[in-house]
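A.B. asks: Sequence:
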Amino acid sequence: MSDILASTRFGDRPALSRRTRLWLLLAVALLHVGLGFAILTGLASGAITLIQDAATAAYSVPLDPPAPPPPPANPVPTPEPAGDEGAAAKRAKPKPVAAPPPQIPNKAMAAAPVASTGDATKSGAAGAGSGTGGGNAGAGTGAGGSGDGSGSGASRAVKIAGDITATRDYPARTRNLRLGKSVVVVLTVGTDGRVHGCRIHQASPDPEADAITCRLATERFRFRPATDRAGTPIASEFGWQQRWFAP
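First residue of the sequence shown: 53, per this note's numbering; consecutive thereafter.
If you are wondering where the hints come from, they were derived from the structure by calculation, not from laboratory data. Note that the structure is predicted; figures quoted are calculated from it, not measured. Be aware that a few hints might be false.
[Claimed, not checked] Okay, the calculated beta carbon distance ranges per label pair:
1. Arg281 <-> Glu260: 40 to 48 Å
2. Thr243 <-> Phe297: 34 to 42 Å
3. Thr93 <-> Thr72: 12 to 20 Å
4. Ala282 <-> Gly242: 17 to 25 Å
[Stated by the list, open to error] Subject to a maximum C-alpha distance of 25 Å in a straight line, what follows is the list of computed DMTMM-like cross-link-like pairs (lysine to aspartate or glutamate):
5. Lys233 <-> Asp262
6. Lys233 <-> Asp215
7. Lys233 <-> Glu260
8. Lys233 <-> Asp221
9. Lys233 <-> Asp280
The beta carbon of each residue, even a glycine, is placed where N, CA and C say it ideally should be.
Taking the hints into account, I'd like the entire structure generated from these sequences.
C.D. replies: Written out as structure tokens, the structure reads:
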């Protein structure tokens with residue numbers, strides 16, 4: 053009876069048209085295609101995600117620090133090419149060295165013995181008197197002893213003219229310095245009998261009077277020049293002492 057009812061139920065409905073059945077089949081096919089595409093797309097995206105995660109995990113592994121770069125090698129200097137050889141230099145000639153002449157020590161000559169002395173009767177405190185002064189005549193040294201030869205022997209210079217006796221020759225303001233004192237000078241006598249030089253051998257307390265003595269002796273004194281063994285005049289030194297005293 054149920055079969056009869058079923059057939060009756062379905063038999064009451066009108067049959068689907070051919071066009072409707074085609075649209076239904078097309079819809080079912082599209083549904084299957086969409087489900088298949090969805091399934092395929094979901095699986096593929098999962099696979100890609102796994103691959104990306106795996107790749108990301110690989111890059112997240114910590115790497116060892118890089119090794120330090122090797123030290124730079126010392127550059128090897130490139131030798132410069134040797135230049136052309138220059139021309140040979142001229143041979144040096146040593147300059148002859150002449151030995152300096154030997155130096156002869158200049159020994160100070162000792163003063164000659166005082167041949168005579170001069171005396172000023174006054175030291176400048178009073179006017180000049182009428183006398184000729186207090187100078188004494190000096191004894192000459194003579195011509196020397198006679199020998200076996202034909203010459204007369206060497207002789208020393210002898211003072212033959214000139215004196216320093218006037219008180220006006222010396223300044224009065226320094227009288228007390230030279231009173232009772234004396235100065236010794238050494239005169240250089242030339243072959244002409246004149247004085248060509250004077251130096252102080254023993255100074256007095258009055259330097260000005262010493263200089264005046266040298267000047268006056270050079271101007272006033274005259275000598276018979278000294279001679280050698282052959283009798284030829286030669287230059288020599290003559291000592292002179294000038295004294296000052298009160299009358």
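A.B. asks: All the hints need checking, so say for each whether the structure fits it.
C.D. replies: Each hint tested on the structure:
1. Arg281 <-> Glu260: 40 to 48 Å: 42 Å, holds
2. Thr243 <-> Phe297: 34 to 42 Å: Since the Cβ atoms of Thr243 and Phe297 sit about 35 Å apart, the hinted range of 34 to 42 Å holds.
3. Thr93 <-> Thr72: 12 to 20 Å: 31 Å, violated
4. Ala282 <-> Gly242: 17 to 25 Å: 18 Å, holds
5. Lys233 <-> Asp262: 11 Å, holds
6. Lys233 <-> Asp215: Status holds; Cα separation ~18 Å.
7. Lys233 <-> Glu260: Roughly 13 Å separates the two Cα atoms, so the pair holds.
8. Lys233 <-> Asp221: At roughly 16 Å apart (the allowed maximum being 25 Å), Asp221 and Lys233 satisfy the hint.
9. Lys233 <-> Asp280: 36 Å, violated
Hint check: violations occur at hints 3 and 9; the rest are consistent with the structure.
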